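Chemist: Sequence:
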Amino acid sequence: MKQKTYILIILSSLLILATVVSGYFWMQQAEKQAFITKQESRITEYLKYNVPSCKTITFTDNYKLPTGSISIDGYLNNNKILGFTMTVSLAGGETDFEGVGGYTDELDKLFRKDVKTVSQIEKIEKEQKENSKSE
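So for the sequence shown, the numbering used here puts the first residue at 1; every next one is plus one.
The set of hints was computed from the structure by calculation and includes no laboratory data. Keep in mind the model is a prediction, meaning the values are calculated, not measured. Please note that the accuracy of each hint is not assured.
Dumping the calculated DSBU-like pairs for lysine-lysine here, alpha-carbon to alpha-carbon at most 30 Å [claimed, not checked]:
1. LYS38 to LYS113
2. LYS123 to LYS109
3. LYS38 to LYS126
4. LYS64 to LYS109
5. LYS109 to LYS48
6. LYS133 to LYS55
Put together the whole structure using the sequences plus the hints.
Modeler: Written out as structure tokens, the structure reads:
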């Protein structure tokens with residue numbers, strides 16, 4: 001009888017532990033996906049503003065670098081030649097994408113001369129909204 005009780009306690013403990021661990025990993029994955037979705041939105045805002053010919057953006061991959069930074073890859077206008085890799089340097093103190101990344105030479109040629117960060121773009125758009133409300 002004692003042996004059955006011990007086995008039941010051990011199995012129950014293992015089941016609870018497995019539930020807690022899987023719940024933790026599920027929560028971590030959900031947080032990561034929410035973070036990536038937010039960064040993709042900021043990258044879209046950045047590219048649509050700074051690349052006038054940008055019509056569509058396709059994201060192909062995201063991954064964590066050994067430095068702790070998050071990289072997000074993709075391309076513009078259904079043309080893989082217009083590829084990019086955008087980076088959020090979490091180790092460098094960034095909490096959101098601002099405008100750091102690498103581009104193919106072909107994409108680099110399409111950028112505006114006065115490239116703005118996401119924060120600058122948001123500030124400009126906010127000022128434009130306020131000006132249109134006051135008119």
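Chemist: Each hint: holds or not?
Modeler: Here's how the hints hold up against the structure:
Distance restraint check for LYS38 and LYS113: the Cα-Cα separation of roughly 26 Å lies within the 30 Å cut-off, and the hinted pair is therefore satisfied. Simply put, LYS123 and LYS109 have alpha-carbon atoms about 25 Å apart, close enough for the 30 Å limit, and the pair holds. A threshold of 30 Å between alpha carbons decides the hint, and for LYS38 with LYS126 the separation of about 19 Å falls inside it, so the pair holds. With a C-alpha separation of about 28 Å, the suggested pair LYS64 and LYS109 falls inside the 30 Å cut-off, and the hint holds.
A hinted pair counts as satisfied when its Cα atoms are at most 30 Å apart, and LYS109 with LYS48 qualifies at roughly 15 Å. For the suggested pair LYS133 and LYS55, the alpha carbons sit about 28 Å apart, so the restraint of at most 30 Å is met.
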